[in-house]
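As you go down the protein sequences, you meet chains A and B in turn. The first sequence begins at 1 in the working numbering and counts up one residue at a time. The second sequence begins at 1 in the working numbering and counts up one residue at a time.
Take every hint as true, because none was put in to throw you off.
For the chain B half of the interface with chain A, some residues (derived, Cβ under 8 Å), not all of them:
hint : residue
1    : Val-238
2    : Lys-244
3    : Gly-325
4    : Ala-337
Beta-carbon label-pair distances, calculated as ranges:
hint : chain 1 : residue 1 : chain 2 : residue 2 : range
5    : A       : Asn-180   : B       : Asn-180   : 44 to 50 Å
6    : B       : Asn-180   : A       : Glu-355   : 24 to 30 Å
7    : B       : Arg-298   : A       : Phe-57    : 50 to 56 Å
8    : A       : Thr-297   : B       : Arg-298   : 24 to 30 Å
9    : B       : Gly-224   : A       : Thr-297   : 22 to 28 Å
10   : B       : Ala-170   : A       : Leu-263   : 46 to 52 Å
11   : B       : Arg-279   : A       : Gly-168   : 36 to 42 Å
12   : B       : Gly-247   : A       : Glu-355   : 33 to 39 Å
13   : A       : Thr-297   : B       : Asp-231   : 15 to 21 Å
14   : B       : Gly-224   : A       : Ser-283   : 29 to 35 Å
15   : A       : Asp-258   : B       : Glu-14    : 56 to 62 Å
Derived by calculation from the structure, the hints in this document are not laboratory data. Just so it is clear, CB atoms sit at the ideal spot from N, CA and C, and this is done for glycine as well.
So you can see what is in the structure, the chains are spelled out below.
Protein chains: 2
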Amino acid sequence: MHPETQTVVLASRETVPFDYLVVATGAGPRLPKVPGLDVDGIFTLRNVSDALRIKRFIQDRRAKRAVAVGAGYISLEMCEAFRTLGLETTVLESEARPVMRLPEEFSAKIVEELQANGVTFMPRVNLEGFDRSPSGIVVRTGNGPLEADLVLIAVGVAPEVKLAAEAGIALGRTGAIAVNDHQQTNLPFVYAAGDCCESYHRVSRKPAYIPLGDTANKQGRIAGANIGGQDVTFPGIVGSQCFKVFGLEVASTGLTEDEARQLALTPVSATIQGVSRARSYPSTKRLWLKLVADTGTRRLLGAQAVGAEGVVSRINILAGALAGGLSLEEIAYLDLAYAPPFSGSWDPVHIAAQELLK
Amino acid sequence: MHPETQTVVLASRETVPFDYLVVATGAGPRLPKVPGLDVDGIFTLRNVSDALRIKRFIQDRRAKRAVAVGAGYISLEMCEAFRTLGLETTVLESEARPVMRLPEEFSAKIVEELQANGVTFMPRVNLEGFDRSPSGIVVRTGNGPLEADLVLIAVGVAPEVKLAAEAGIALGRTGAIAVNDHQQTNLPFVYAAGDCCESYHRVSRKPAYIPLGDTANKQGRIAGANIGGQDVTFPGIVGSQCFKVFGLEVASTGLTEDEARQLALTPVSATIQGVSRARSYPSTKRLWLKLVADTGTRRLLGAQAVGAEGVVSRINILAGALAGGLSLEEIAYLDLAYAPPFSGSWDPVHIAAQELLK
Numbered sequence: 001m002h003p004e005t006q007t008v009v010l011a012s013r014e015t016v017p018f019d020y021l022v023v024a025t026g027a028g029p030r031l032p033k034v035p036g037l038d039v040d041g042i043f044t045l046r047n048v049s050d051a052l053r054i055k056r057f058i059q060d061r062r063a064k065r066a067v068a069v070g071a072g073y074i075s076l077e078m079c080e081a082f083r084t085l086g087l088e089t090t091v092l093e094s095e096a097r098p099v100m101r102l103p104e105e106f107s108a109k110i111v112e113e114l115q116a117n118g119v120t121f122m123p124r125v126n127l128e129g130f131d132r133s134p135s136g137i138v139v140r141t142g143n144g145p146l147e148a149d150l151v152l153i154a155v156g157v158a159p160e161v162k163l164a165a166e167a168g169i170a171l172g173r174t175g176a177i178a179v180n181d182h183q184q185t186n187l188p189f190v191y192a193a194g195d196c197c198e199s200y201h202r203v204s205r206k207p208a209y210i211p212l213g214d215t216a217n218k219q220g221r222i223a224g225a226n227i228g229g230q231d232v233t234f235p236g237i238v239g240s241q242c243f244k245v246f247g248l249e250v251a252s253t254g255l256t257e258d259e260a261r262q263l264a265l266t267p268v269s270a271t272i273q274g275v276s277r278a279r280s281y282p283s284t285k286r287l288w289l290k291l292v293a294d295t296g297t298r299r300l301l302g303a304q305a306v307g308a309e310g311v312v313s314r315i316n317i318l319a320g321a322l323a324g325g326l327s328l329e330e331i332a333y334l335d336l337a338y339a340p341p342f343s344g345s346w347d348p349v350h351i352a353a354q355e356l357l358k
Numbered sequence: 001m002h003p004e005t006q007t008v009v010l011a012s013r014e015t016v017p018f019d020y021l022v023v024a025t026g027a028g029p030r031l032p033k034v035p036g037l038d039v040d041g042i043f044t045l046r047n048v049s050d051a052l053r054i055k056r057f058i059q060d061r062r063a064k065r066a067v068a069v070g071a072g073y074i075s076l077e078m079c080e081a082f083r084t085l086g087l088e089t090t091v092l093e094s095e096a097r098p099v100m101r102l103p104e105e106f107s108a109k110i111v112e113e114l115q116a117n118g119v120t121f122m123p124r125v126n127l128e129g130f131d132r133s134p135s136g137i138v139v140r141t142g143n144g145p146l147e148a149d150l151v152l153i154a155v156g157v158a159p160e161v162k163l164a165a166e167a168g169i170a171l172g173r174t175g176a177i178a179v180n181d182h183q184q185t186n187l188p189f190v191y192a193a194g195d196c197c198e199s200y201h202r203v204s205r206k207p208a209y210i211p212l213g214d215t216a217n218k219q220g221r222i223a224g225a226n227i228g229g230q231d232v233t234f235p236g237i238v239g240s241q242c243f244k245v246f247g248l249e250v251a252s253t254g255l256t257e258d259e260a261r262q263l264a265l266t267p268v269s270a271t272i273q274g275v276s277r278a279r280s281y282p283s284t285k286r287l288w289l290k291l292v293a294d295t296g297t298r299r300l301l302g303a304q305a306v307g308a309e310g311v312v313s314r315i316n317i318l319a320g321a322l323a324g325g326l327s328l329e330e331i332a333y334l335d336l337a338y339a340p341p342f343s344g345s346w347d348p349v350h351i352a353a354q355e356l357l358k
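With the rest of the complex left out, here is chain A:
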């Protein structure tokens, strides 16, 4: 990329001129600094062709034993896929529990769900490296070696910003490309969108790096509309995310209690156990919801939830509440559509807000 001459040079050495440039280089998987990453059967997952390569490997090699390194949502979603394909599956995590952002008791629900579905979860594992063995891969750890036919490494992602940084495009404090609410970089004719760039976080009121497919889509649309002559602003994110692991929904929006503290806020929180439908409704399921609010302003800061159903729908209500700046008092009496197949007359959202107001 050569902003000064408004050209890019392709790998084929061809030079292409531009009026506007959109940097959409995405993010790549981070790799642990251990030897043996080139051993056959060790994979990362970035795109559909990676997924197909993994699937083909499992079929061709009749893989029976999968090890996933890392316990974030990519790893956990893949564990479900491995189990569906009949593989013996083990998750290694350097920290004490999966999805460290979540409240400890919610991570515990995830561990239960993994175990109930035949996945072995190994916390506090120090990964030392990989070796080829006659029967597959040896995963060396501080707790001793493990045998595997296939290893997935999913310990997070980093924005692909090398080309952009070399071209003089400014990065933000998160390490991703800094953009304004039109998705413009510091160079007005260069836009960035997707997993390579930051987003404005409406709750922390700071740029954040939370690379997700839906945000990437929105940023791309904003960049395109502005290049096309419209004047469209991206309102930013509130940090909503979710995933499914076997029969468990896991979702969050806004800040966690720890994140709020790191921003020098004084958070207060309440965690409730609720039900997805009315208690009288035959198939109702338990769910757990934690709300985090600012002590001084009583402003909602974030929410995390886990349960068999109705989790994402509650978090999305709260995502809208964060975007609308609703107070805890308003959330406690929010007019949600009520019928017994869908909730109790007091929804878990109301109950959690009232609990926190105490």
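We have chain A; now place chain B onto it with these hints.
What follows is chain B alone, placed relative to chain A:
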């Protein structure tokens, strides 16, 4: 009720004094003005004991043929119950379609769902009365007579306000008891809560009569808290409601296009067909979502939706958006939790808002 002496007189003639009075007389079913309402086997449904009476009647009389008069949500929910118990079920509606508040195409989905589940739906039926016959009940209509073993009359409800009105408690223009945001009536020591009173509608910015169990619960809590010495205000409703009829979820929030026009607003609307989960996800289902906005201010006024799943959860997001006063632009880019089991990267909520912004 004797506010002037701060006493109430019970049916037993006992006089009970009060410092504060809460009027919670609820609502009763409205009845059509036709002869024969006292024929055995004609029911209305107000509470659990009514439901048990109906169930017992079906069992004791081995009822085989049910006719429901009216096609609102109570009637439709009961049709599902009748079919579950194996009854031949017919719905008679004086209007052209069920749930007249809804967009015409959504009523059509409900008719399809009724028919797919063996319910006969008869629109534009003029009810003339009921007669006893040797084999049960004859339902006389402008289209000719129908035979039934059991008739449910569900043509709406009216607030029970006779005692309150006689006691000098002011009614609002809707005919229900007028209350302020503390649930106080015109008499400061008399409160009202539940289906006998109005609610402030945050979208129309007028008192409305939309009697629902969740609103009643909220009003009761507000009345109790204020009587108990707290100073708690009810923010009002946005008109959210939902029901399930067989495999169909039906939900709405805010105003319909017609209601907005009746309030002298100039609404604009867009209806989209979306999917409940990502298109790539195996069990995704179709849903239909209509958004209504104000032409001048681009403010969201309401939403209606119907579909096999994910309908109530979308309406609840929009209920929060109405409470937070989000603009269509903000809704179009709202940061919802995304993963393929729960939505596409563009949720139907986003797609509908973008369609309406065109």
